[in-house]
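These protein sequence lines are chains A and B, in that order. Taking numbering that gives the first Met the number 0, the leading residue of the first sequence gets 0, the next gets one more, and so forth. Taking numbering that gives the first Met the number 0, the leading residue of the second sequence gets 0, the next gets one more, and so forth.
No wet-lab data here; the hints were simulated from the structure. A virtual CB, placed ideally from N, CA and C, is assigned to each residue, including glycine. Mixed in with the good hints, there may be bad ones.
To be verified - Quick list of the computed label-pair ranges, beta carbon to beta carbon:
(1) B/W170 to A/A119: 23 to 29 Å
(2) B/G256 to A/E269: 55 to 61 Å
(3) A/T223 to B/G256: 35 to 41 Å
(4) B/P194 to A/A26: 20 to 26 Å
(5) A/D172 to B/N166: 37 to 43 Å
(6) B/E32 to A/N44: 45 to 51 Å
(7) A/T131 to B/W170: 36 to 42 Å
(8) A/E123 to B/E32: 26 to 32 Å
(9) A/N44 to B/A168: 22 to 28 Å
(10) B/A37 to A/R11: 48 to 54 Å
(11) B/A192 to A/I139: 40 to 46 Å
(12) B/E32 to A/A119: 25 to 31 Å
(13) B/A37 to A/G70: 26 to 32 Å
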Amino acid sequence: MSAEPLRSHDLRKVYQSRGAPPTTALAGVSLEVHRGERVALLGRNGAGKTTFLRIASTLLRPTSGTIEIFGHDADRDPELARPLIAVVPQEGKPFFHLTPYEQVYTYLRARGFSREVGKARTAEALEKMGLTDIQDRLAITLSGGQRQRTMVATVIATEAPLLFLDEPTIGMDPFARRAVWDALRELTRRGSTMLLTTHYLDEAEALSDRLYIIDRGRVLVKGTAEELKASVGGTLKVTLAKGAERRPLFESFGECVVDGSSCTVIVSPEKLGELMAVAVREQLTATVGPVTLEEAFLRFVGRSINEDDN
Amino acid sequence: MRTTTEGTAPARSRAFRGLPAFFWTEVLVQANELTAMATSMVIQGVVLVFVWILDPSLLGIAFVGALIFSMFTMGQRLLNEAAYIRIDHKANDLYLASPLSPEGYFLGMAGGILFVYITPVIVMGILAEIVVRFTLPEVALLLALCLCVWISSASIGYTFSTFFRDNRAIWAYASLFFTTFGVVFPVFYPLTAFPAGLQPIALLLPPSAAASLMQAAIGAIPVVTSRILFAAIALVAETTALFGFAIYWARRTVREG
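In isolation and in its complexed conformation, chain B is listed as follows:
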């Protein structure tokens, strides 16, 4: 046998092993499918046009919502992608029965999608800056919120992807998530327009919590300390918990029982 031991080195305690390489694998996969990337912001764009026609004063809020929701949909792409690779291609066996760590597989895929699909979000961000005129702290807050939403969404997406045996069943759930997280609850419109009694529920959903925090930061809704604290704690706690669970689940579901 040739003497190289590359690729066969002992792997114990090598968490996240192979993450950068699998990240680039996914980048290549996504980059070879540019039409999907180019059309990824159509829905957000349509919503913005609706808002502009109905009430241009809400355009700033809608732009913030579009940015946050784009991060959510990017995470949700993982639901389709991970299930597609596992169910249609059966290629996950190739990767998981190898030194590549399960968390490297999960995060590499999530990161690769993010890397490719972030370009239209940046364009949207530039347009949002023109409309809203963010301050530097607001930009920092927006970035942090987008990160939280993406992590929580990708974690939900990957975890859910493991439950399905048929890709067609996923479509229904994907549109359910899309409608619940982005249309029904306040992301593209002010939290204050949502029934007061149901606002705590809205703030438990990562996109709505993030949107509400950003709406308060740019002065689009009144600053209510208790509400801000609730939204911030919920978002951070949920993001941490969902991410931790997704890592645990990725490791656990490498093997079927």
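If we strip away everything but chain A, and leave its shape as in the complex, we get:
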């Protein structure tokens, strides 16, 4: 396994459906994931993240382009790629009539693990996900977050060389999310590689080594969270309540983004004092904070990550 864990080139997917115009889900996505990396695909609903993940995980055929998993053509030779991957599907649920222990253990057995390794890995994964106390309860009796943790435990127990996680922490409480992040970080320390999709910006920032921002089937930008934030043009953001109509006063300090009646200005620390003086003079309420990925996302996509096309 000397090749890159994942490499796609000009990957396109057009969905054809009767009575409706074709829908382009991917419009030429080229990306690479290096060994031991955690890479996030960041995008709004319908951006193409799940389509890419399903093609990469050999479950969907691309319309054109190439995609390789450790050098194996995932489209032509999916049987060679599948043993090297594991997938947390979007909105996937465990079998309701299995317990978390049975779910993880039987999955490992179905993948070809021995009983001994299967039992050890199952216990370890359930503990990491905080499921040990409820490991013998049927999944039908568990909460949505516990079921999602069961799905993540099922996949991390495989320690597959390449993991795909489609919105892995959806429906989880903040503590559970952090437990998942820790488990995923540990897995990559052990040598696994990870591609995840998320529309939680904090998750993308906390978890990923690199990010690809995708919109309408295209990669708009790639880089580390720091690089993307730096590209915004400042390290601080000042949100001015009711500042939209006085935007011209602040445009010289940095990029201004109007959202309703408020205006957010991206500034460098050196200009902050001067900007605040103007805000006080104009009797505007100002909130200062560090630039986050949200600003970077807005800058590249032009819309908030939670905003739908329609």
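Position chain B relative to chain A; hints supplied.
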């Protein structure tokens, strides 16, 4: 990385890989839902009571029909189960994007259902033995016929399960299959009671073909060589074709186009 390569070994030419493990997965799933198993023979039981009230002399035929039709409904459970896992749980992605082979997934699920639901069929078989008094060759024939019916039904069930995007749409088809294969055409009643001109059509349906062969074997209907040959060839050919197609389809539908 930890050095074990278990679960990541190359999988080319590993047909049926993971079948035993997924079989046990499905056994556990089904075994944790025992009420469904316990109530799986209610309809067959009700039919037997009706037949007993209407004409007790047909009870032997009805028992044979109940056994054969139980194998058919067990195969049809796959229609609901496979669609449920795919549509409601989206868990098939978890399994199919793994070294588990598609045919291992299909047959493991089918076998797991069979393993759990066979218990009430065995009880029914014991009751049938008391009523009919099968000879040993008849038992062997009955087992072979039940196997054919189960394989063909499971193959139909799995293949159809891949066509749906909504579970509610499946209910209508499931009851259509149930009514067509088990109620309208002769399974619980003698083939000879069915319109003569339509009997060849009945013999093209696996449950009716199997029931007719068994009815002839126990002397419940006259032995007509041409009819027996037709039913036997149709049943074996259809079972083989349906099974082969289901394996092909399982492999093909791992990936959406």
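Output the indices of the hints that this structure fails to meet, ascending. Hints 1, 4, 5, 6, 13 are the ones this structure does not satisfy, whereas the remaining hints hold.
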